[in-house]
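Asker: One letter stands for each residue in the lines below.
Number of protein chains: 2
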Amino acid sequence: MRVLILGGDGYLGWPTAMHLTTQGHEVAVADNYLRRRLCREEKVDFLNDVPDLDERAALWQLISGHRVAVHVGDLNEWDFVAEVFDKFRPQAIIHYAEQPAAPYSMLSRKTATLTLHNNLSVTANVIFAVREFCPDAHIVKLGTMGEYGTPNIDIEEGWLDVEHKGRRHKFLYPRQAGSLYHTTKIMDTDLLWFYVRTWGLRVTDLMQGPVYGLFTDETEKDEGLLPFFNYDEIFGTVLNRFVVQAVAGHPLTVYGKGGQTRGYLNIKDTLNCVRLSVENPAKNGELRIFNQFTETFSVNDLAAKVKDSGNKIGLKVDIQHVENPRLEAEAHYYNPCHTGLLDLGLSPHYLSEDVLVEMMEYVIKYKQQIKHDQIYRNVKWV
Amino acid sequence: MRVLILGGDGYLGWPTAMHLTTQGHEVAVADNYLRRRLCREEKVDFLNDVPDLDERAALWQLISGHRVAVHVGDLNEWDFVAEVFDKFRPQAIIHYAEQPAAPYSMLSRKTATLTLHNNLSVTANVIFAVREFCPDAHIVKLGTMGEYGTPNIDIEEGWLDVEHKGRRHKFLYPRQAGSLYHTTKIMDTDLLWFYVRTWGLRVTDLMQGPVYGLFTDETEKDEGLLPFFNYDEIFGTVLNRFVVQAVAGHPLTVYGKGGQTRGYLNIKDTLNCVRLSVENPAKNGELRIFNQFTETFSVNDLAAKVKDSGNKIGLKVDIQHVENPRLEAEAHYYNPCHTGLLDLGLSPHYLSEDVLVEMMEYVIKYKQQIKHDQIYRNVKWV
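Chains C and B, in that order, are what the protein sequence lines are. What the first sequence shows, in my numbering, is residues -11 to 370, in sequence order. What the second sequence shows, in my numbering, is residues -11 to 370, in sequence order.
Hints were generated in silico from the structure; no laboratory data involved. Careful, some of the hints might be misleading.
Chain copies aren't distinguished; within one or between two, either way the pair holds.
Simulated crosslink set (EDC-like; lysine to aspartate or glutamate; CA at most 20 Å straight-line) [stated by the list, open to error]:
| id | residue 1 | residue 2 |
| --- | --- | --- |
| 1 | Lys295 | Glu283 |
| 2 | Lys158 | Glu144 |
| 3 | Lys158 | Asp142 |
| 4 | Lys271 | Glu283 |
| 5 | Lys158 | Glu145 |
| 6 | Lys98 | Asp62 |
| 7 | Lys98 | Asp67 |
| 8 | Lys300 | Glu341 |
Quick caveat: nothing in here was measured; it's all calculated off a predicted structure.
Work the whole structure out from these sequences, hints included.
Answerer: This is the structure:
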């Protein structure tokens, strides 16, 4: 299948690109290196050196024999979008091309505005490009479990049957998020769902939880193929940050009480979820929604696991409860469903000690490069 | 109270500005004449000649002695927004400054993109300006009943208590709209509700139905004070269009079966609803939602009323069911609540024969100016 990956330079975009080529798909990626620019502007570094897309594609071709076509440009620009879609005529589009960090979206008016405009514009351009160039193509959109927030009832998989005053209606599950970034993902869903109904687009919305890990069957073949790894407060996801903190001898920074519970998954499972979605597309006129995670943990659970695994390999790990910079419930009901991807054949990689030790051993190699002032800056939400 | 009206040149913006000055408020308006530009670009005319804001403000001051401060500029531009807010330090902001036409938003990629960017950018800028310059100011946002769509259960006033598997949660009432324009209003709600929770903003969201009429206590003092009156398919609302069609001898164009039911209100009631909201503000950290309409009618009901009133004054009026260019249910359950504004003291002006005859008599004066090719162009949604 011809698969176009938007945001192909990203933490998930690049590993997805390589993975799909090994499954026989013809893959093109597009990216404008926005994430790299924002990291430079905010003065945060990746733990590792990450070659650019052309270099990574050349390295991957050398190692695997598989080709990834690279398009560098801004998906906010219609001319670029039209050129890529017209040339490649994708059968599936994987849309990762968004400013992905909640804390970044809360830094200032400018970062909020960039997040809002970038995420909505790219999503709109994808919709218009599919309509114009490949109306039967399947859009696989990365949403987030954060769109649901933490309601006091079970989180169903995308939809909610409501009985009210003796009548019934099936609604898109009501969404209410905890950051501007997550709110833009709700808006993406609003937009996609409208055009699914109006134009009969076929869309899969993957409501993903926080992802951890670096190693996949493809990334582990060469360090130059690893995705970038942020350990700072702005762009780093929680488990990746805790692993770096453990290695650096910095106390694990648990925000507030640490009862915040979310669904997590291994980067390997992200690739499989996305591949399963591409290979089993939604129907025309269908918005198919999967909750994409494999296990739920509280932040306290994660900290305890990192501490235990760290201790196993001789690291001394402290846990510190710091003032919560975010506005969020620190103890709450959380019971999200997640059967759709299992039904498609997902075989999860759970968060084991082996997984944590493998991550720590990788980080230890780069220990001298960890910049301690990036670990904790107390970026406030409110 | 110092009240800033964004979109002060509009069909509702200008009458609201005059009305609030008569109630003792200090009023400033801001607008960039976007609506006028879009009408020129789409080659549709107002029925009447409408002076620009400076001219109208001068005329109103001459007639009433009341002053309206005029700021002409683009609320997408932060520098303009900051200047206006910094100078005026409003205590209430009435936000009408959006591309307001559903059919316009469905014309093309360009009109969709303009609608999306304009509506979201202005709303975001309003939020950031309030945060920076007047954090206690009350934002009165014009939403639309169209955000709810036509669910098979009662439409409550903004919120829905859901019982699910033995647990309960109160959600923002799930929204699902029928045009891109309406979808941008859903996104506005997402955005406002996020910042209400996060920053404690005070917001009233007025979920307004289609408005009809021209005459208010202020506009009727001089024809130069009347709001602009669109009768075309793109910018005209349904009852205003039917009145012009009746006068022009054009059959009333009912889309499809005509069972589409909505909540309507007289322009006089819009002004009172907005004034009541301003004078009885939401609390800090509150998103207060009112469903703003006074009566529900199907399109068939409206056509029958226009026909009857037309006949009374000697017009021959035919009703024609034309192919529906929109994607919408033509027969559906519709039972929306609307008690909030009545509780605040709203005294409705219902759609009587007198109201329709008054509108028709006005339109008859301009009969020679009606451009028949603008009445029906069959702008398709899909």
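Asker: Could you tell me which of the numbered hints above are not met by this structure, giving the numbers in increasing order?
Answerer: Structure breaks hint 4 only.
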